[in-house]
Amino acid sequence: MKPNNIYLNDEDKLIILDQTKLPGEEVYIELEDAKDIYDAIFHLKVRGAPAIGICGGYAMYILSKGYDDDLNVFKEKFFKDSEYLNSSRPTAVNLSWALNRMNKLVEEYKGDSADELRKLLREEAIKIQDEDIEMCKAISKNGLSLLEDGMGLLTHCNAGPMATSLYGTALGPMILGKEEGMNFHVFADETRPLLQGARLTAYELQKAGLDTTLICDNMASIVMKSGKVQAVLVGCDRIAANGDVANKIGTSGVAILAKHYNIPFYVLGPTSTLDLNCKTGEDIEIELRPEEEISTKWYEKAMAPKGVKAYNPAFDVTDHSLITAIITEKGICRPPYEESLKNL
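Here the sequence shown stands for residues 1 to 344, where the numbers follow this note's numbering.
Note that these hints are calculated values from the structure, not bench results.
Incorrect hints may appear among the rest.
Listed next, with one range per pair, are the computed distances between beta-carbon atoms [said to hold, decoys possible]:
hint : residue 1 : residue 2 : range
1    : Lys80     : Thr20     : 26 to 32 Å
2    : Glu108    : Gly307    : 52 to 58 Å
3    : Ser226    : Arg334    : 24 to 30 Å
No residue lacks a Cβ here, since even glycine has one placed at the ideal position from N, Cα and C.
Let the hints inform the model, and build the full structure from the sequences given.
Structure representation (structure tokens):
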């Protein structure tokens, strides 16, 4: 099974599935220059922490093909473009992780051939995606070990195949379990204001053949209270050293509800999402997005009074005390997270 959301085609060009067009259309676009790539990441044409990391790796290779063969000029342009792309989504650590990995390769290159350096960048970008595929398989397997056949599950935002390369993180155990003959009933939060749950998660779960029910974000409490949910699975964009987790706005509220109803709350993500230099969630920069995403984006006419202010943070931070376990490709971490995450 090969990824079909981010890849190099036969002409060695970077192709992505435009997630903003889903679920109505499956549209693939080519990314060529730095501005196109920046816009694709910022406007969520490619989204999901692992996916934008993969995109960042491929992007630096694609951009390098247009650089001067003089290595001093090459490197100056490379680092400038890398910094520019890194500013597109500051909260998700995978982007900076992948860009830093490509930066390090360029910094440590001792040869004198720009063509050779481009070849090494291409190989490194492919390696980042190959590692992500293996990571997804391992996370899915580790997560599935905590689930039982017939469970009701709830998820928020989208952490499926499109947010990674294969299977996904939070959706991975569900999809893998289905492949192995297990059945789950999944409740997918719509995930306001950008509707990743409605547009993407419901789409992916249906495609995988899972029993799926879409709910508005403010309905999570009633399905939990009625006993329909036995576990919550969510992805993550950054994990602090103490186990605090940044994820799509609304995740913290779901965690608080799960704690109240005594439902396990699992966070699934790769170790590349772990930022041990970030001590707590207080140190995580939260991206603020355009106000129009709340008031006008999905409407023919504005659904808010003209001139009213809107607060639109893209993420919130879930306190480590609300998290039952953090599931990675290297194993399952439990409290105290300062120790278990460090031991990874």
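Each hint tested on the structure:
1. Lys80 - Thr20: 26 to 32 Å: 27 Å, holds
2. Glu108 - Gly307: 52 to 58 Å: 53 Å, holds
3. Ser226 - Arg334: 24 to 30 Å: 28 Å, holds
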